Every structure is written in C-alpha cells, then in structure tokens.
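Please model the complete structure; the sequences and the hints are all you need to start from.
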Amino acid sequence: MSSIDLTLKIWRQKNNDSLGDFETYILRDISTDMSFLEMIDVLNEQLTREGKDPVAFDHDCREGICGMCGAVVDGVAHGPDRETTLCQLHMRKFKSGDTIVIEPFRSIAFPIKKDLMVDRSALDRIIQAGGYVSVNTGGTVDGNSIPIGTETAELAMDAAACIGCGACVASCPNSAAMLFTGAKISQLSLLPQGLPERKERARSMVAQMDKEGFGYCSNEKECEAVCPKGISIRNIARMNREFLRSLLLGE
Amino acid sequence: MELNSRIPSGPLAEKWDSHRFQSKLVNPANRRKFRIIVVGTGLAGASAAATLAELGYKVDAFCLHDSPRRAHSIAAQGGINAAKNYQNDGDSVFRLFYDTIKGGDFRAREANVYRLAQVSTEIIDQCVAQGVPFAREYGGTLANRSFGGAQVSRTFYARGQTGQQLLLGAYSALSRQINSGGVSMYNRREMMDVVIVDGRARGIVVRNMITGAIESHSADAVLLCTGGYGNAYFLSTNAMASNVTAAWRACKRGAAFANPSFVQIHPTCIPVHGDYQSKLTLMSESLRNDGRVWVPKNKEDKRPPAQIPEEDRDYYLESKYPSFGNLVPRDVASRNAKEQCDLGKGVGSTGLAVYLDFGDAIKRDGEDVILRKYGNLFQMYEKITDSNPMVEPMMIYPAVHYTMGGLWVDYNLMTTVPGLFALGECNFSDHGANRLGASALMQGLADGYFVISTSIGNYFGSETISPVSSTDPAFKEVENDVDTRLQKLLQNSSGGPAGKVTVDDVHKEVGRLLWDNCGMSRNRQGLEHALEELPKIRDKFWSSVYVPGAGEDINQSLEKAGRVADFLEFGEFMIRDALSREESCGCHLREESQTEENEALRDDDNYSHVSVWEFKGDDQAPEMHKEPLVFENVTPSQRSYK
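Those protein sequence lines, which keep their order, are chains A and B.
As numbered in our numbering, residues 1 to 251 make up the first sequence, in order.
As numbered in our numbering, residues 1 to 642 make up the second sequence, in order.
Don't take every hint at face value.
What the hints assert, rightly or not - Listed next, the in silico DSS-like pairs over lysine-lysine satisfying Cα-Cα at most 25 Å (straight line): (1) B:Lys297 to B:Lys320; (2) B:Lys320 to B:Lys302; (3) A:Lys52 to B:Lys488; (4) B:Lys560 to A:Lys52; (5) A:Lys52 to B:Lys500; (6) B:Lys616 to B:Lys252; (7) B:Lys508 to B:Lys488; (8) B:Lys540 to B:Lys508; (9) A:Lys14 to A:Lys52; (10) B:Lys252 to B:Lys560; (11) B:Lys626 to B:Lys102; (12) B:Lys500 to B:Lys560; (13) B:Lys488 to A:Lys14; (14) B:Lys540 to B:Lys500; (15) B:Lys488 to B:Lys560; (16) B:Lys560 to A:Lys14; (17) A:Lys52 to B:Lys508; (18) B:Lys24 to B:Lys58; (19) B:Lys508 to B:Lys536; (20) B:Lys540 to A:Lys52; (21) B:Lys616 to B:Lys536.
Please keep in mind that the hints were generated in silico from the structure rather than gathered at the bench.
Just so we're clear, the structure is a prediction, and the values are computed from it rather than from any experiment.
As structure tokens, this is what we get:
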C-alpha cells in the first residue's frame with residue numbers, strides 16, 4: 001500500500017436554480033487501496049472539520065450494483081477504469097500529483113439537485129411506460145413449463161444486467177437514453193414471456209424517452225464504452241428493430 | 001404486553017391453507033377505499049406494494065433512494081431457495097422447512113417456516129413469469145445449485161446477481177402499478193416516525209430529503225419493509241444508508257422487538273484493510289462450493305500461499321466437519337475463521353484473514369468452468385484488492401451481513417401495534433438464530449407476494465377502521481417531535497466544528513464497541529462492559545456532535561446523524577438481549593455455553609423462546625417478554641455438521 005497527494009476540482013452547485021462552479025481542494029496521504037468514494041469521504045470529513053459544507057453525492061451499496069453512484073471523472077462517466085462503477089474505482093488508478101476533475105452526470109433530462117447529485121427519475125418513467133411483463137401475482141405456470149435455451153437466457157441476462165446509473169446518458173453527445181431503454185426492451189423481447197406485449201412496449205417506452213427530452217443515438221458508442229456492466233450497443237439495434245417492427249405491424 | 005402469535009391450529013401442512021380460508025376477505029369493489037403505506041422498496045416492499053395495488057388497494061410507497069430500484073436487496077448475489085425438487089435429489093417442502101428450522105438452531109416458529117417453504121415454489125414461478133433471467137440448463141429448464149448448508153440443489157440463480165434480477169422483477173411489477181395509478185411512489189423520503197391513532201398505526205411522518213420538508217401521510221395500514229440493522233456495527237456488508245430508524249421508531253411507539261442480538265456474521269467477506277474503510281464487501285457464499293478454506297498449520301509460517309506445500313496447510317473445515325466440509329452453515333464457518341485467527345494462524349497483513357483457494361477446482365474443472373461460475377466475483381475481488389483469485393488464493397474474513405432479529409410479528413406479519421406490519425428482514429419471523437444462504441430473498445418475496453395480501457384482507461375485513469386524515473392532531477404532534485429532534489441534531493452547527501466530533505467518529509466508536517462485545521462471540525463481562533459504555537458514547541454524541549448545514553436543504557450529514565442517533569439507542573437492545581440469553585444458539589455464541597468441541601451449546605429447557613423487548617421509556621430499561629417456541633413436528637437436536 002502506498003499513499004498519494006491529489007488536487008480535486010469538484011463541481012459545487014447549491015441546487016438546480018443556482019449557478020455552479022468548480023472548487024479546488026487539496027488532499028494528502030490518500031491510500032491507494034481506497035475506493036474513489038472513500039476518497040470523497042475523507043474529503044468530506046476534512047471539510048466538516050473545517051466547518052465547510054461537505055460535497056453531496058449519491059451512493060449506497062458501494063458494491064457496483066445499486067446504480068446510485070456516478071460522476072464524470074476527468075471527462076469520463078464513472079472514471080478511467082472500464083466496466084467499473086465509481087464506487088469500485090480504486091485510487092491505485094491515480095498517481096501522486098494528479099489533478100482530478102469531478103462533475104455530475106449532465107443531461108437536460110437529469111436536473112442537478114446539489115453538487116454531484118442529479119435527478120434520474122426520467123429513467124424510472126421510461127420503465128413505467130412499459131418495461132415489464134403485465135402479469136399479476138399468482139396464477140402463473142410452473143417455471144419449467146417455459147423452456148428457454150441457455151443462449152437466449154444468457155443474452156437476456158446480458159441486457160438485464162443494466163443498473164440504471166445513467167452513465168450512458170451522461171456520456172452521450174446527444175444525451176440519449178437508448179442504451180438504457182434498449183437493454184430493457186431487448187431483455188423482454190428475447191424472452192418468450194415478453195413477446196405478447198412487444199409492439200406496445202417498444203412504442204410506449206420510446207415515446208416516453210422522447211417526452212423526457214433524451215436525444216437519439218448517432219452511433220458514437222460512448223455509452224457502451226462507459227457502461228459499468230458492459231451492455232452492448234447491439235441492444236440499441238435490437239430496440240430499433242422492435243420499434244420498427246411495431247410501426248410496420250401497426251395495431 | 002400480550003403476545004399472541006395467532007398460529008393456526010391443525011396439522012403443520014394444512015395451517016396456511018386453513019388460515020387463508022378462515023381469514024376475512026375484502027370485496028374487490030371495496031378495496032379501493034383502503035389506503036396502505038409501504039415503507040421501503042426492496043424485495044419485500046416492492047413486491048407487497050405491487051401485489052396490493054394489483055388487488056385494488058390504494059398504495060403509497062416510500063423509499064429513501066432516488067429510485068425504488070436501488071434498495072439493498074439488489075446486492076444479494078448467490079440465489080433464492082425453493083422446494084421445487086427439479087433435480088430429483090430428494091428435496092421437498094418438508095426438507096426445506098426442516099433445513100431452515102435446523103439451520104436457525106431451533107429458534108424460529110415451525111408454522112412460519114413451513115409456510116415459507118410452501119410458498120417458495122410459487123415465488124420461482126412468479127419471477128419466471130415476470131421475465132427474470134434465471135440461469136438455464138442446455139435443455140432450457142431452470143438450473144439449480146447447492147448453496148451454503150444444504151445437501152440438495154434447490155438454489156435458483158441469475159449469475160452472481162440474483163438479488164438484482166429479483167428486485168428488478170419486483171420493481172417492474174411496481175412500475176406497472178405506478179403507471180396505472182395503483183401506487184403513488186414517493187422517492188427520497190426518509191421515514192422519521194409512525195403515527196398511532198386510537199391504538200392503530202394510521203400513517204407516517206417522513207422527511208423530504210431534497211427540500212427538508214416534514215410531511216405527514218395517513219393510511220389504513222402501514223407496512224414496514226425497511227431491512228436490517230447491520231450498520232449498527234459501522235462496518236458491515238449493508239449499503240451505506242441501511243438503517244434501523246423506521247423499525248426503532250416503531251418500537252418506541254409500541255411495536256415490540258424480537259431477538260435483537262441475532263446478527264449474522266457472513267464468513268466470506270473481503271477483510272478489513274484500513275481505518276478509512278467505509279464498508280465491507282461480501283463475496284458470495286457460492287464460492288465455498290469450489291473454494292477450499294485453509295490456513296498454515298504453523299502460525300510462524302509467513303511464506304506466500306503458493307510456497308506453502310499441501311502438508312503444511314490446515315484445511316480446518318474439511319478436517320473438522322468431514323460430511324459438510326467447506327459448506328458448513330455461515331455461523332459455523334465464521335466462528336471457525338475467527339478461532340484460527342485467534343490462534344495466530346490468520347494470514348495477510350492484519351492476520352485477520354483465511355485463504356479461500358480455487359487451485360484444486362481450477363485443476364479439476366479447468367479455468368473456463370471456474371471463470372464462468374465465478375468470473376464476476378473474481379473481477380470484483382480483484383478490483384478491490386488488486387489480487388487475482390485465479391492466480392493466488394482469496395483472503396476472506398467474516399463480516400456483519402444480515403439481522404435475523406427484527407420487529408416481532410404474529411403469523412399475519414402484524415407487529416404488536418394493530419395495523420402496523422413488518423415484512424422481510426425487518427421482521428424476526430423465519431430464520432431463528434441463523435439464516436441459511438439463499439433464504440433472505442425467499443423470505444422477502446414470500447412476505448410481499450404471497451403472505452401480506454391475506455393478512456391485509458383479514459385486517460380490513462375484521463376491524464372497523466374509522467377515517468383519519470393527515471391533518472389529525474396526532475400527526476401534528478408527531479411532526480413536532482420529529483422537528484424537535486432534527487433541531488437537536490443541528491444544535492451544534494452554528495457554533496462551528498471546533499472541539500466537536502463528527503457523526504462518523506461516533507458511529508465508528510459505537511460500531512467497534514458492538515463488534516468487540518456483541519459480535520461473533522459474546523460473554524457476560526464484555527456485554528456488561530458494553531452496556532456501561534454505550535450511554536457514555538450516546539451522551540458524547542448529543543453533547544458534541546457537529547452536523548454541518550441546515551435542515552431545509554439536502555443535508556447528507558443530517559441524514560446520517562439521525563440514523564446513528566437511533567443506532568445508539570437501539571444498540572442497548574442488542575446488548576441486553578445478548579446478555580439475557582445465557583445459552584449459545586446459531587449466530588449467538590455465549591462463551592459460557594459451548595460443547596467440548598467449541599460448538600454452540602443450546603439450553604432448550606431455559607431458552608426455547610423468542611425474546612421480545614418492549615420499550616418502556618428513554619430513561620428506563622426495556623422489559624423482556626417471552627414467546628415460547630413449541631416444536632411439534634421436529635425434535636430440536638444439537639446441530640452437527642460433522
């Protein structure tokens with residue numbers, strides 16, 4: 001274990017109505033075994049002891065699965081480590097003397113709440129528009145009566161692994177949520193359980209995406225590059241096919 | 001305090017059926033007249049909210065995250081048990097029931113556990129229907145694996161992300177109900193208190209975590225699905241925001257708390273490596289299916305693991321428990337790791353770790369097979385520790401993981417406060433003194449999808465509940481209490497931080513006190529010491545904690561302070577409970593009560609009961625009541641995994 005000294009430039013913003021700016025902080029003796037969020041914990045303890053306002057940031061499980069954390073680090077959503085959430089990024093990826101720039105996930109659909117905290121409820125509303133199989137509790141058939149080949153099950157699982165963090169949106173020049181939406185549409189269109197509603201689902205989820213102000217995919221592939229779960233943009237292609245299919249086949 | 005467990009009469013296998021028949025129903029057209037509050041949107045909360053809304057009730061759901069999909073159920077890795085017997089390996093409802101009762105060291109209710117085993121099969125069907133991508137065999141059928149402490153393969157899984165996939169299934173059902181208007185979803189609200197009117201739970205007071213506003217919400221019943229209290233120890237595998245506040249506030253308003261000292265310490269976690277550490281990370285127990293646990297035979301042996309030959313290694317679980325080997329239940333595995341480290345045979349820089357070695361499994365099955373099974377876990381381990389388990393053995397150490405204790409509930413999941421229900425980890429009902437692997441997901445979903453709908457119908461159908469609105473004086477009174485408490489937490493903020501302590505300082509101190517004295521092994525002296533020390537830490541907190549900022553804004557320090565304040569009060573329940581139970585059972589090892597082989601020694605003559613604690617006032621000791629445990633279908637035996 002070794003320790004490093006860092007300069008942090010962090011976006012500070014009181015709320016969505018006020019203007020924000022970068023503040024600079026110096027941190028010394030940061031253990032390289034620390035996670036990135038533990039490094040911010042150390043900063044926040046330091047700020048608290050100095051009587052200053054700690055940096056607000058969303059986080060919870062710190063195991064890379066809840067999707068609560070996320071910030072743009074040196075221009076990259078979730079930072080420099082591939083397929084890694086911010087909480088699983090460790091300080092051994094940085095060198096002593098580095099200046100690290102930390103900003104919130106920016107998108108017109110993600111209003112800033114405070115500092116690095118943003119409102120991602122637009123993603124919830126996309127799921128609410130149709131990201132489910134309409135089945136009530138009870139009265140379902142035996143699990144084994146719906147056989148699903150391993151290849152299909154694996155593809156569905158690849159898509160279902162999305163943690164809803166919003167990094168795809170933050171990294172897209174068009175602020176598109178198509179990787180997020182495509183992942184859910186793919187999961188449910190690959191599985192037999194999702195087929196009865198596939199037309200309606202594709203249409204309503206895409207319509208909700210538009211309504212929230214998200215943009216469209218222009219094949220930059222930035223979303224795939226930052227996705228902490230390695231979700232492939234093939235899911236966007238699958239969504240486009242599902243959407244087209246629902247338009248062609250009509251009501 | 002009257003404790004009526006309301007266990008239905010009749011043979012074990014018919015209890016749930018006859019209970020459903022005897023329970024009152026609410027006419028479908030009348031259901032929309034009832035409003036139900038659900039606090040928490042983990043497996044129990046999301047499944048309950050969705051299911052009750054599907055039935056036609058009006059549901060208000062609350063979570064403290066920015067989205068209901070973030071609850072900590074999402075982090076469960078290994079799997080979910082169900083008595084499907086798909087593998088034809090001798091599983092049955094009775095066997096799952098028996099394993100769970102035995103695993104819990106005969107400190108759970110027979111009737112509840114049997115019902116859990118019965119509905120387990122329906123859970124799988126429900127989740128499959130929702131599109132949960134469970135692992136499949138080549139023929140397309142559902143795959144199973146055996147999991148910690150079970151000799152049959154009954155665990156269903158979705159890679160190492162079973163909790164995530166099940167939660168997203170429940171979240172999708174919830175989202176569908178939000179879309180149709182059946183559920184009103186309130187994100188970023190933290191429950192501050194429960195409101196009791198005429199002896200019934202009639203609503204909650206929450207803090208809007210964005211605006212700081214204190215809001216009242218009224219209803220006809222309140223469901224707490226707020227998880228466990230492992231974060232009392234500061235370091236645990238729980239998410240950072242997991243807390244006891246909702247359950248503890250309910251307890252202070254009259255809901256009794258059962259077995260608060262029953263805390264599961266999970267054997268396979270990444271060891272602690274520094275003071276700055278904010279949480280511990282669990283490595284799925286499924287790793288023990290292929291990994292072999294060992295330490296050097298000689299405690300002076302400081303060679304790197306690869307240089308220690310077979311004959312100098314002590315595979316202590318395999319030699320001590322030949323029939324279960326590395327798959328002994330969690331409490332046994334944890335205690336043995338601690339024992340090896342206490343003997344000085346621990347490894348790593350702190351000496352508080354043991355090896356979990358995949359060398360033999362890689363030789364036997366090949367790298368591909370092992371990577372396919374555990375790749376994502378290995379990746380996570382490497383990210384955190386910078387060491388690759390394919391090359392050198394993992395290092396693991398036990399960590400606080402799950403709390404079997406919780407709000408006392410009857411067979412209907414109702415607490416001692418009428419109209420207040422507790423579901424999932426937040427109640428005490430099914431796991432006794434130790435929970436088996438892959439059973440937490442099963443219980444959360446059993447409560448939410450299949451049990452609560454019967455209970456709610458019966459409650460509304462058999463009681464006359466008069467209308468109450470959130471403008472009722474009872475709500476105003478609780479709002480004032482909440483406000484006073486928040487102001488008290490902020491009392492030092494104007495004076496600046498000089499000479500003060502931070503919330504984390506105090507949380508670490510109380511965590512250490514509980515870990516040292518009310519952790520993996522307990523004794524009278526240590527517990528009495530902790531009982532003396534805890535009030536001192538509490539006094540320090542209230543006199544000198546510095547919480548920056550104000551209440552009318554996003555203030556994460558204030559949120560944390562409120563939760564720690566509650567851990568400081570609740571901790572006393574944990575210690576008192578551990579002190580009063582002068583036997584060992586499951587997770588609860590009293591050093592005074594051990595077999596000659598250092599296994600937990602139960603005392604069924606004196607302690608075959610649930611310890612139920614009633615809050616009596618801030619300056620008074622709580623009162624303990626006993627709910628006797630009656631075993632009619634199994635005979636409590638000394639657990640043996642040899």
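Outcome of the hint check:
no., hint, verdict
1, B:Lys297 to B:Lys320, "holds (14 Å)"
2, B:Lys320 to B:Lys302, "holds (24 Å)"
3, A:Lys52 to B:Lys488, "holds (20 Å)"
4, B:Lys560 to A:Lys52, "holds (17 Å)"
5, A:Lys52 to B:Lys500, "holds (14 Å)"
6, B:Lys616 to B:Lys252, "holds (8 Å)"
7, B:Lys508 to B:Lys488, "holds (21 Å)"
8, B:Lys540 to B:Lys508, "holds (13 Å)"
9, A:Lys14 to A:Lys52, "holds (13 Å)"
10, B:Lys252 to B:Lys560, "holds (20 Å)"
11, B:Lys626 to B:Lys102, "holds (21 Å)"
12, B:Lys500 to B:Lys560, "holds (16 Å)"
13, B:Lys488 to A:Lys14, "holds (24 Å)"
14, B:Lys540 to B:Lys500, "holds (9 Å)"
15, B:Lys488 to B:Lys560, "holds (14 Å)"
16, B:Lys560 to A:Lys14, "holds (19 Å)"
17, A:Lys52 to B:Lys508, "holds (22 Å)"
18, B:Lys24 to B:Lys58, "holds (19 Å)"
19, B:Lys508 to B:Lys536, "holds (14 Å)"
20, B:Lys540 to A:Lys52, "holds (22 Å)"
21, B:Lys616 to B:Lys536, "holds (20 Å)"
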